[in-house]
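Asker: Assemble chain Y onto chain B, guided by the hints.
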Amino acid sequence: MKQTPGWQAIEQWLGAKGLAPFAFQEEAWEHYLQGRSGLVNAPTGFGKTFSLFLGTVIRWINENPEDYRRRTGNGLRLMWITPLRALAKDIGRAMEEALRELAVPWAVGIRSGDTPVSVREKQKRNMPEVLIITPESLHILLAQKEYPKRFEHLETIVADEWHELLGSKRGVMTELGISRLRGLRPGLRIWGISATIGNLDEALDVLLGNLPGERVIVRADVRKAIEVESILPDEIEKYPWAGHMGLRLLHKVIPVIMESNTTLLFTNTRGQSEIWYHQILKECPELAGAIALHHGSIDAELRIWVEEALHTGVLKLVVCTSSLDLGVDFRPVDTVIQVGSPKGVARFLQRAGRSGHRPDAVSRIWFLPTHSLELVEAAALKDAMAENLIESRMPVVLAFDVLLQYLMTLGVSEGFNPDEIKHEVQSTFCFREMTDEEWTWCLAFLVSGGEALQVYDEYHKLHLVGDRYYCTSKQQAMRHRLHIGTIVSDAMLKVRYLAGGYIGVIEEYFISRLTPGDSFRLSGHNLEFVMIKDMTVLVRKSKSKKSIVPSWNGGRMPLSANLGKMLRRKFHEAMSGKAREPEIAILQPLFELQQLLSHIPAENELLMEQIQTEDGYHLFVYPFEGRLVHEVMAMLLAWRISRRHPITFSIAMNDYGFELLSDQPIPVDDTNADELFSLENLNADLQSSVNATEMARRKFRDISVIAGLVFQGYPGKSKANRHLQSSASLLFKVFEDYDAQNILVRQAFNEAFFYQMEEARLREMLERIGNSKIVITFPQRLTPFCFPIKVDSLREELTSEKLEDRIKKMTLWQ
Amino acid sequence: MEDIRFECKGNHWRLSAGKAAFWEEERALIVADLHVGKAAHFRKAGIGVPANIVQDDLYRLQQLITKYNPARLIVVGDMFHSSENNEVQYFRIWRNQFPHIRFELVTGNHDIMDPAVYASLDVTLMESLTLGGMYFVHDPKDRLPDTGELYAVSGHIHPGVWMVGNGRQRLRLPCFYFGPEGAILPAFSAFTGTYCVEPDPSSEVFVIGGTGVYRV
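So the protein sequences, as listed, match chains B and Y. Take the first sequence: its letter number 154 is residue 154 in our numbering, and every next letter is one higher. Take the second sequence: its letter number 77 is residue 77 in our numbering, and every next letter is one higher.
Here chain B stands alone, though its shape is the one from the complex (with noise of 0.2 Å):
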């Protein structure tokens, strides 16, 4: 292979700059050339993106050693899938470089919900070799009359960065284009790349689905070094046991941050952000014009403006969210600072990885704790890091809805066979189990709107033209078209000064509430509700002290297992008094108000505290499980408590465990403790329990508008569509009533608890606790444990009262 034209044409490229192609480099290029599909796992900053994309280049070169320098137009050859447009741009910048020194003319497209039309238009006819996609992009050109043809010299598809896209919808939407693309192109080689994670080997199962041949994993041995250091509280005894703003440690983050030369500030919230960036520039407003903010609600271009500023090294700080967890290096970062928890392994390991992108430099992270217990979580963290525990990403399976929107995108434009769809579609992962009966009904809900039907029924949707399925409803083509995607966000409205210019977005129900004159905050600004006026919120600068941060939702990230796990073995570590780390010794006094108040369980105790306040009857349960095992738990407990006796229970968690909040006594003791874990009836039990709660009502939210139930309507459309609203809460409930066997609605049931937890993980940890003995107190005020739990808001309901007794105890709120 190496004495091929096109290795030596790269192996020269390199070696006039004084480089060398790094050891995993070249096995991707031996693989690929070998014509073979897989995974490249390698950590941004060292070259992913050519040990796949240079592989493409010399292929070509050896396929055309006489004239690649002078041929062009030659079609689709190489498909990038990224997850986020802002990746594109510098990808494709690299890409179109490394082409024009090889003198290799090929040309590089970019196409995203950003790409203007012109250049749509062009590249429709004319495609570019290399075009870089985002899978909703993706799905667009298959909705596009004519499609088949603009793959008709497609040999490569590359899934960039599929460890974020794996374990979503998106990563669904990416194996369906995958296997259209199959479909049409029968000898495609498919590869990944994709960070460290628990399942590569899964990763790599999903993306290539039951594609023939040998696959391959390459690793790219490179490890980086990675320090961490939590920012302690000077007295614990005063640091808030409960809370998620770290604010009081604010004195503390400064000098680090005057310290470095650039550094990013990570907060879980939007709202968090604004409030971090407010008080950091109320505190040195010296740094005023060196310090952003960087979030999903900020005006795009100013986002952009940011990166670019990152890049240059004109910041000394940026606050942000999730929202800079990905991308391209901003070499000038040299520190990272985390508040509050970071609620997995792998995100902090991104977090920590975005400074120090050399790769020999060190990466530094810093550990702001917002409440006194998350220290105990910086502990598990270093851990963790330290013996390599990564989180899987559990993929996405039986995701109907978003086959639906897919059946209804090939509708719009060329039609499906129904067999030869369905056979590609069952050769994807996500839906290798999928059962007859259930692409019928999915076909049949496409068809004919589901059930059997009076004869006045007017449903279309798809029509049986000869043998293939078409929407032949122009009104409602376009309408699926602008709805391709399955990232579901609350409707948004632009944010604009009264006498011009662009602010950020903001959720319509936050604005909602607000009264004119009301100020709230948005991208650094304090601003005064004025009006809303066409599907715009307009303001005027506030110079109120007070303002309304507004709360996003989706603020709330789970724990995941791995550092469940740890967190647990910390916490027994601490209340043993073996830890030796300083965020566990200085927590010390708040372990021992906990034995003084209740009791500190030993490895092999279970710790129940029943408490009784102004609000009700508490029963705390702590675990020790993280967050989605615990919702799990409170909802099984819950549910079979409550068929004991007629009661209700509010229910709250968090990642260290869970709580039972009833008007009246709850009725547990050590008689009949042990019970309430048994795992007889598990399956049975969990099934009714997870129908008596409102979960699933809310995972419905996303389906309905993936399956194209809820239009969102289309800005400066609205009005045309207002007979067409609804809202998804509405639908589950007559579906729930009227169609109960929706498959859909039984999809966000699944989704409510099996997604988020395998059963035989609850099983262990059911039988965990069966071998351990349940300790029961009765403490007289409020525990350290119990207190972030209790001041928790976002709560479940689970009843097994009748409606009419409930509402005899209520009173009207008002």
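Simulated from the structure, these hints should not be mistaken for laboratory data. Fair warning: this is a prediction, and the values are worked out from it, not measured in the lab.
Derived BS3-like pairs (lysine-lysine); straight-line CA-CA distance at most 30 Å:
hint, chain 1, residue 1, chain 2, residue 2
1, Y, 141, B, 494
2, Y, 67, B, 802
3, Y, 141, B, 533
Answerer: Frame of chain B; chain Y shown alone:
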């Protein structure tokens, strides 16, 4: 479907858990926001909502008519959801059962069909209706200035309230709302959501839960 008796400005109303009110003195059954044709409208646009909601809604209305034996049915707006479709034809057949009952529609923002269609369905259109000290108008915003003579009865809002209890319990329920400026009826159709109102301290609120209706 239980009901509860309520004296409203000297008139006797029975508020039914079936989301309708029966006015004894006038022998009038009063409903709001029926939205006949809504599911069909969605389905026509390719949104596969269940098709049988309208049968259920109209069956419930039929039961109420049988129970109270009214002389007239007053619909306080949004009787039909949008343009004419096959659910409207279903309604036409259903309507034939009650030729002796007068159907009066105080039009709402959704009632956009041609007047001839309403005529053919034997539904009388009016922008508002004044009857026995009551002023019926769809949107509460269109109430007359308060002179103390007429009490407004509206729909449009699909009113609901939050109920709260010990142990941080919350429950959102549709309701009949009798405020100082007028009454708002719950939305009749099962294919409607609720909008939570903040009750005035001097108001009377009746929530609907399952087959019961409760004064709160």
